[in-house]
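Enquirer: With the hints as constraints, model all of the structure from the sequences given.
Here is how the chains run, residue by residue.
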Amino acid sequence: MTAFLHHFMYDFRTGLRDKSLLLMNYLFPLGFYALMGLLMTGLNPTFAPTMIPAMILVAMMACTLLGLPNPVVESREAGIFRSFKINGVPALSIVTIPVLSSFVHIILVSILITFTAGPLFKAGLPLNWGYFVLILLLTAFTMASIGMLIGVVSPNSRSIVLFSQSIFLPSMILGGLMVPSNMLPPGLYRISLLLPTSHAMNAWLGLAFGMVPVFDPRWALLVLLSSGVIAFALAIYLFNWDSKNKQSGHSPFLALITLVPYVIAAIFLAR
Amino acid sequence: MQDEVVLVKDFTKVYSEVIAVDGISFEVHHGEIFGLLGPNGAGKTTTMESLEGLRQPTHGSLSILGVNPMQQPKRLHNLIGVQLQSSGLPGSMTSQEAMEFFCAYHHVPPRQDLLLRLGLGYKLSAQFSTLTTGLQRRLALALAIAHDPPVVLLDEPTAGLDVGSRVELHEVMRELRAKGTTIILATHDMAEAEKMADRVAILLKGRIAATGSPTQLTATGSGLVKISVSSEAGSLSQGATAFPEVSQQLIKDEYVIFYSRDAGATVPAILDYLKTHTDHLVDLRVERPSLEDRFLEITQTDLSNGGKS
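Note that the protein sequences, when read in sequence, are chains A and B. Okay, so the first sequence: first residue is 1 according to the numbering used here, each after it adds one. Okay, so the second sequence: first residue is 1 according to the numbering used here, each after it adds one.
Bear in mind the hints are in silico, worked out from the structure with no lab data behind them. Using N, Cα and C, we set each Cβ at its ideal position, and we do this for glycine too. Check the hints yourself; a few may be wrong.
So the derived list for chain A, only partly shown, Cβ under 8 Å to chain B, looks like this [stated by the list, open to error]:
#, residue
1, Thr2
2, Ala3
3, Thr14
4, Asp18
5, Ser20
6, Ile80
7, Arg82
8, Ala91
9, Thr114
10, Gly118
11, Asn240
12, Asp242
Across the chosen pairs, the derived CB separations fall in these ranges [unchecked claim]:
#, chain 1, residue 1, chain 2, residue 2, range
13, A, Arg13, B, Asp162, 27 to 37 Å
14, A, Phe115, B, Lys74, 39 to 49 Å
15, B, Thr58, A, Val133, 28 to 38 Å
16, A, Arg13, B, Asn68, 35 to 45 Å
17, B, Asn68, A, Val229, 33 to 43 Å
18, B, Thr132, A, Arg190, 53 to 63 Å
19, A, Leu125, B, Gln96, 42 to 52 Å
Expert: See the structure below:
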């Protein structure tokens, strides 16, 4: 336990100490939040009621999709995982700890956004705080697991950019953050169901903010939970200590199994 | 029966179709410094990494204190300390954090004393990426030995180090040996191996070309003694001179160098020659063949045999 705590504390401090991680964990999401609060609430009055979940999702994506995978690939390439293996650091810790520390960074940023958005930008506050926290924890776990899986299966930094951006950019446009999902044309709405952010927004709006959800938010919770568990399990299963000496021998294409809950949702939850 | 700590038997490692290590066998005894020598691509690192449990042998067996590195990794990690050729530490980790981190995984208290002993006392809060190569190597060594492992594997531990750091690391290695720690030292540096190792194995193209103590290995070569002579008038370099037992002669700077089978016969003859030619001796050095000379001899033989070692 002491080793796990030391490892966790080191990883958490790295999230504040490393400039690129600090940017992704705090500076970019909080800067974006401030900018959106100043601009969007004036331009689009319908934005304020959904501002808190939307900005928390941006923070989650920055931390988990843009920040988390890179150190995983760099550590593997630099032989750091080999050194960890020799010294008895288990693969489970290597996969779990960055997920947990991302979780803590996300919660810190979320607290900041939640408690300042109301007074500063007249953002709508949650009506059901229990569901708000539950969905926050569930989505943070799912996004962090997906980020870790991207780090595990990416052979290099270029691949990370490709995989991460293929979730980040569509999520910003179609994920219900800027434009409500119910305003999307049917085809784009179906595509939006392939994104975790769409499910998180639907669950938050329906269960925590007292708005009318696009589909039953309990399905959204199920999709988030199942994809998070699948991504986390696959990250452990596909983990490789060494890029030059692949011992797991499992195909990285197995990572696509994470998409299954989203594909099922896109088929059955379409309007 | 001798106390064999490390046992390598008929070990072969094949990558795709390349044979990196081809059926080598050796053993390392308790409290011994064993040098693995060889040029790049000889199979040193593959052997070390297989002993560390990082690579699965294609054939043969390896064991450290009876533990199979691949099959019993949990038992292995407290038995060995490893200084890898590459850094193996995150750039943002400080020296103190690294010590706490690795000691926690080995279930031992952090060894602050080792950081001080290795000159890292004033760099406890410095991140790994900001340390000089010498300090990075010192930290890697401190981490490798912090849990007091019975076997330490060092891969090129002094590569790129200044003289002071090298001497310091050699001193630490001697202290470890005195405590009964078994050390496997993979190195390119023949002088280091000759100075530090009790026994060495010379690897060439994945096979052991020679093994024994540095003294044994140098004695089994052609055994030519190097005699370097410098004189005031340079008479030795002017005329054709034939001295007893000399098989080769060359001129380098102001020295004439003779390779002799018997220095006892050659040296008096050289001195007589100088006296006869009214020349005065400035410098005369007699050197026995070094491990490096023997190593070069072995690799040259391998080349002249078309690599069929």
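Enquirer: What hint numbers does the structure not satisfy?
Expert: 5, 8, 9, 10, 11, 15
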